[in-house]
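A.B. asks: From first to last, the protein sequence lines are chains A and B.
UniProt numbering numbers the first residue of the first sequence as 1 and each following residue consecutively.
UniProt numbering numbers the first residue of the second sequence as 1 and each following residue consecutively.
Worth flagging that the hints you see were computed from the coordinates, not collected in a lab.
A portion of the hints provided could be inaccurate.
[What the hints assert, rightly or not] 20 Å max Cα-Cα, derived PhoX-like pairs, lysine-lysine: (1) B/213 x A/395; (2) A/177 x B/157; (3) B/157 x A/213; (4) B/157 x A/339; (5) A/359 x A/111.
[Unchecked claim] Just some of the chain A residues that point at chain B, by a computed CB distance under 10 Å: (6) 83; (7) 84; (8) 136; (9) 156; (10) 179; (11) 181; (12) 191; (13) 213; (14) 362; (15) 363; (16) 382; (17) 383; (18) 384; (19) 388; (20) 391.
Where a beta carbon is used, it is the ideal one built from N, C-alpha and C, also for glycine.
There are 2 protein chains.
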Amino acid sequence: MKVAILGGDGFCGWPASLYLSDQGHDVIIVDNLSRRAIDEELGAESLTPIATPEERVAAWKEVTGKEIAFHNFNVAEDYDTLLDFLRTEQPDAVVHFAEQRAAPYSMKNSKNKRYTVDNNTNATNNLLAAIVEADLDIHVVHLGTMGVYGYGTAGMKIPEGYLEIQVMSDEDEAGNKVEPHPIEMEILYPSNPGSIYHMTKVLDQTLFAFYAKNDELRITDLHQGIIWGTTTEQTAKDERLINRFDYDGDYGTVLNRFLMQAAVDYPLTVHGTGGQTRAFIHIRDMVRCIEIALQNPPARGERVKIFNQMTETHRVRDLANLLAEISGAEVANVPNPRKESAENELHVVNETFLDLGLKPTKLADGLLHEVEEVARKYADRADMSKIPARSLWTKSNEAGVPAVTADAK
Amino acid sequence: MKVAILGGDGFCGWPASLYLSDQGHDVIIVDNLSRRAIDEELGAESLTPIATPEERVAAWKEVTGKEIAFHNFNVAEDYDTLLDFLRTEQPDAVVHFAEQRAAPYSMKNSKNKRYTVDNNTNATNNLLAAIVEADLDIHVVHLGTMGVYGYGTAGMKIPEGYLEIQVMSDEDEAGNKVEPHPIEMEILYPSNPGSIYHMTKVLDQTLFAFYAKNDELRITDLHQGIIWGTTTEQTAKDERLINRFDYDGDYGTVLNRFLMQAAVDYPLTVHGTGGQTRAFIHIRDMVRCIEIALQNPPARGERVKIFNQMTETHRVRDLANLLAEISGAEVANVPNPRKESAENELHVVNETFLDLGLKPTKLADGLLHEVEEVARKYADRADMSKIPARSLWTKSNEAGVPAVTADAK
Ligand SMILES: NC(=O)c1ccc[n+]([C@@H]2O[C@H](COP(=O)([O-])OP(=O)(O)OC[C@H]3O[C@@H](n4cnc5c(N)ncnc54)[C@H](O)[C@@H]3O)[C@@H](O)[C@H]2O)c1
Ligand SMILES: NC(=O)c1ccc[n+]([C@@H]2O[C@H](COP(=O)([O-])OP(=O)(O)OC[C@H]3O[C@@H](n4cnc5c(N)ncnc54)[C@H](O)[C@@H]3O)[C@@H](O)[C@H]2O)c1
Numbered sequence: 001m002k003v004a005i006l007g008g009d010g011f012c013g014w015p016a017s018l019y020l021s022d023q024g025h026d027v028i029i030v031d032n033l034s035r036r037a038i039d040e041e042l043g044a045e046s047l048t049p050i051a052t053p054e055e056r057v058a059a060w061k062e063v064t065g066k067e068i069a070f071h072n073f074n075v076a077e078d079y080d081t082l083l084d085f086l087r088t089e090q091p092d093a094v095v096h097f098a099e100q101r102a103a104p105y106s107m108k109n110s111k112n113k114r115y116t117v118d119n120n121t122n123a124t125n126n127l128l129a130a131i132v133e134a135d136l137d138i139h140v141v142h143l144g145t146m147g148v149y150g151y152g153t154a155g156m157k158i159p160e161g162y163l164e165i166q167v168m169s170d171e172d173e174a175g176n177k178v179e180p181h182p183i184e185m186e187i188l189y190p191s192n193p194g195s196i197y198h199m200t201k202v203l204d205q206t207l208f209a210f211y212a213k214n215d216e217l218r219i220t221d222l223h224q225g226i227i228w229g230t231t232t233e234q235t236a237k238d239e240r241l242i243n244r245f246d247y248d249g250d251y252g253t254v255l256n257r258f259l260m261q262a263a264v265d266y267p268l269t270v271h272g273t274g275g276q277t278r279a280f281i282h283i284r285d286m287v288r289c290i291e292i293a294l295q296n297p298p299a300r301g302e303r304v305k306i307f308n309q310m311t312e313t314h315r316v317r318d319l320a321n322l323l324a325e326i327s328g329a330e331v332a333n334v335p336n337p338r339k340e341s342a343e344n345e346l347h348v349v350n351e352t353f354l355d356l357g358l359k360p361t362k363l364a365d366g367l368l369h370e371v372e373e374v375a376r377k378y379a380d381r382a383d384m385s386k387i388p389a390r391s392l393w394t395k396s397n398e399a400g401v402p403a404v405t406a407d408a409k
Numbered sequence: 001m002k003v004a005i006l007g008g009d010g011f012c013g014w015p016a017s018l019y020l021s022d023q024g025h026d027v028i029i030v031d032n033l034s035r036r037a038i039d040e041e042l043g044a045e046s047l048t049p050i051a052t053p054e055e056r057v058a059a060w061k062e063v064t065g066k067e068i069a070f071h072n073f074n075v076a077e078d079y080d081t082l083l084d085f086l087r088t089e090q091p092d093a094v095v096h097f098a099e100q101r102a103a104p105y106s107m108k109n110s111k112n113k114r115y116t117v118d119n120n121t122n123a124t125n126n127l128l129a130a131i132v133e134a135d136l137d138i139h140v141v142h143l144g145t146m147g148v149y150g151y152g153t154a155g156m157k158i159p160e161g162y163l164e165i166q167v168m169s170d171e172d173e174a175g176n177k178v179e180p181h182p183i184e185m186e187i188l189y190p191s192n193p194g195s196i197y198h199m200t201k202v203l204d205q206t207l208f209a210f211y212a213k214n215d216e217l218r219i220t221d222l223h224q225g226i227i228w229g230t231t232t233e234q235t236a237k238d239e240r241l242i243n244r245f246d247y248d249g250d251y252g253t254v255l256n257r258f259l260m261q262a263a264v265d266y267p268l269t270v271h272g273t274g275g276q277t278r279a280f281i282h283i284r285d286m287v288r289c290i291e292i293a294l295q296n297p298p299a300r301g302e303r304v305k306i307f308n309q310m311t312e313t314h315r316v317r318d319l320a321n322l323l324a325e326i327s328g329a330e331v332a333n334v335p336n337p338r339k340e341s342a343e344n345e346l347h348v349v350n351e352t353f354l355d356l357g358l359k360p361t362k363l364a365d366g367l368l369h370e371v372e373e374v375a376r377k378y379a380d381r382a383d384m385s386k387i388p389a390r391s392l393w394t395k396s397n398e399a400g401v402p403a404v405t406a407d408a409k
């Protein structure tokens, strides 16, 4: 299968590209390196030393003999280049990772709010409009987030995208008053995003529903949990293939932050009570899920397929305690910079991927390995001042800015 | 009240500005004149000869002694100007009309799809981000559309924005299996937009819900029906105050197109069977609704207020027949360029505005007057070649391109 990977230089996109190439697919990466530019803007850096995209694909060729092409352009801005690219390459599928993906970064200031909305909405709309204009039957696999559901469960298991509901009506089709009776509908699960970033995934979802209905585009939207882990079988083949590892307050995701903090003996920073329950998936399962999704496209005219791409849920404080136990690190409760409930439940349906053959990597199996093989190995590259999360959801969170624990190490 | 009107040079914004000024409010117009530029791009023109914004506000001053300021900038692009403007003027409210609002125009080609999504999403997001950044307590009144509900009714009356639903669950809050039991929720009415334009109003709705929740902005979203009529008491005061009247296939809305077609003896172009039911409101009621909405803002921290701003629903073919009767024009069924059901029902709750004192102008009362005082008066300015709707929703609508009925007059 010929697959274009938009955002293929990123944390998920790079290992997904290597995995798919390894499986024999013809992979082409598109990326404008905006993520690397944000590293510079934030003065932060991947804990792992990542090679340039050119070095990366050259190393892959050297190690495996397989070619991955790399194109540098902006999917949200360079529409004509994108259209040309699709017309020339005619990929069977496009995997769309090319978005600004950090909630804290998206909430930092108006510039970031505007960039996130503009970049993510236009990237997705450009892709869909270009497929329609090129008149190609390309399967789009998009990386969404569990966060569109809103954090927490409303006393039910969160289904895979669509929710069966009943509405009481006291009129008939023609508008006459009748006895109240229930009407059945199936709708997109009502969204309740917790940040500007998460909100853009709701905007994406709206775009997908429209293009699937109007233009019969084939689209799969993966509502992904938080990725943990860094290396896959492929990125481990050569030092130059190493994946990025974000640990800073903006881009570092909760479990990877804990792993790194444990490795450098920094207190594990738990926001608030740590009562937030989140969904997780290991990076090796993520790449496998992408391939499964590619192999199971919807038919033309079918509605958007939505899969929940997560394997476990955990409370943040339980994760912190687990890591503390493994590593001997301390747990530090800091004020929560986000606007969210202190505690929430989260129960999620994730049968589709399991039914299609996914064998999950369990947290219990992988944690220690990640701390030792990755986080500890590159610990001397860590900049402690980048660890605290300083992006506030609202002014009233100001009391919550965690001080830099300078002597934390 | 000091009110900024974004999009105040447009078909709705101009009469709303004059009405609010006439009621004693302090009105400031912001508009980048993109609508006038699109007229040039399409080679189409308002049936009525509209003055420049500068002439318009000068004439208003001359006729009434009241000042309306006019600022020319792009709300979707000139963020710093917008922020400065809000900080300097500190309006009590902003009425947000500044969007690309024609469904056919939005579906014409990728350029227009992209422009519509980019312009409308960024205009709304810029406004909301700027209010947060300026830290001002400004009430935002936005013009949405009945089209976010999807055309048609699912066997119930369409409520004002929010829908009470029941979901059957077989687990309890802690995730234990229990007897199936209903859970009650109130959600945004599930959206089903019929064009890229309508879809941008769903994107807006998502932005509003987020900023109301996270930043406690006070927002009212008016789900407006199709406006008909052209003149208000204020625009009729002087020829230089005249409002625009669109009749072309892109911007002309169905009833105003019929009015104009009737006036020039062009056959009334009914798309498909004309079985589509649409919601309508007269332009004089629209301006009144805006003032009512301004006078009834939500409290800080309250969810977005949503009102259905429409007074009547009609089937398109019934409107055509009514106009044919009044004017003697013929009815011509042409293939439908849109992708939609041939026939639909539409029942809508619109109690809020009626309860707050709106006295609707009935179709039956105003139609003849519009045909004679406006459409017939400027009939010699009409360009018949601009009447057919040529924008197709999909390639498969191609059979549906109506030929130009050159000798229609
Ligand atoms: N990392 C996670 O835990 C996680 C969880 C859920 C969902 N996701 C989703 O998966 C996707 C990838 O996430 P990630 O962690 O790999 O993020 P990342 O920032 O590491 O990768 C995104 C890549 O896309 C590129 N990009 C962004 N905008 C672009 C544009 N306009 N044109 C071209 N390239 C562009 C960036 O340069 C970057 O290389 C995102 O959409 C994210 O929302 C990630
Ligand atoms: N006309 C109707 O029947 C109708 C029905 C339902 C809803 N609405 C809504 O009401 C609003 C106004 O509609 P209208 O019929 O007056 O349309 P219009 O095109 O006549 O007016 C919109 C005005 O906004 C301006 N504008 C657009 N983008 C801008 C930007 N980025 N910066 C500054 N100015 C910008 C345009 O120049 C124009 O003057 C729209 O949001 C529309 O969706 C209209």
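A.B. asks: Now, for every hint given, state plainly whether the structure supports it.
C.D. replies: Okay, the hints, checked on the actual structure:
Straight-line distance between C-alpha atoms of residue 213 of chain B and residue 395 of chain A comes to about 14 Å, which keeps the hinted pair within the 20 Å bound. Between residue 177 of chain A and residue 157 of chain B the alpha-carbon distance is near 10 Å, which keeps this suggested pair within the 20 Å criterion. The hinted pair formed by residue 157 of chain B and residue 213 of chain A fails the criterion: a straight-line CA distance of about 24 Å is larger than 20 Å. Taking the CA atoms of residue 157 of chain B and residue 339 of chain A, the gap is near 35 Å; set against the 20 Å cutoff, the hint is violated.
Between residue 359 of chain A and residue 111 of chain A the CA atoms are separated by roughly 41 Å; this puts the pair beyond 20 Å, and the hint is violated. Interface restraint check for residue 83 of chain A: the shortest CB-CB distance to chain B comes to about 8 Å, inside 10 Å, so the restraint holds. Taking 10 Å as the C-beta contact cut-off toward chain B, the hint placing residue 84 of chain A at the interface is violated, the least distance being around 13 Å. The restraint placing residue 136 of chain A at the interface with chain B is violated, with a minimum CB-CB distance near 13 Å, outside the 10 Å limit.
Hint status for residue 156 of chain A relative to chain B: holds, with the closest Cβ pair at about 4 Å, below 10 Å. This hint is violated: residue 179 of chain A has a C-beta 13 Å from the nearest C-beta of chain B, more than the 10 Å allowed. This hint holds: residue 181 of chain A has a C-beta 9 Å from the nearest C-beta of chain B, less than the 10 Å allowed. Below 10 Å, beta-carbon pairs count as interface contacts, and residue 191 of chain A has one with chain B at about 7 Å; its hint therefore holds.
For residue 213 of chain A, the shortest C-beta to C-beta distance to chain B is roughly 8 Å, which falls under 10 Å, so the interface hint holds. With a cut of 10 Å, the hint placing residue 362 of chain A at the interface with chain B is violated, because the nearest CB-to-CB distance is about 19 Å. A cut of 10 Å between beta carbons decides the hint on residue 363 of chain A: the least distance to chain B is about 18 Å, and the hint is violated. Here the hint on residue 382 of chain A is broken, as its CB sits about 32 Å from the closest CB of chain B, past 10 Å.
For residue 383 of chain A, the shortest C-beta to C-beta distance to chain B is roughly 29 Å, which exceeds 10 Å, and the interface hint is violated. Restraint check, residue 384 of chain A versus chain B: the minimum CB separation of about 30 Å is more than 10 Å; hint violated. Checking residue 388 of chain A against chain B by beta carbon gives a least distance of about 21 Å; that is not within 10 Å, so the hint is violated. This hint is violated: residue 391 of chain A has a C-beta 13 Å from the nearest C-beta of chain B, more than the 10 Å allowed.
Comparing the model with each earlier hint shows violations of hints 3, 4, 5, 7, 8, 10, 14, 15, 16, 17, 18, 19, 20; every other hint is respected.
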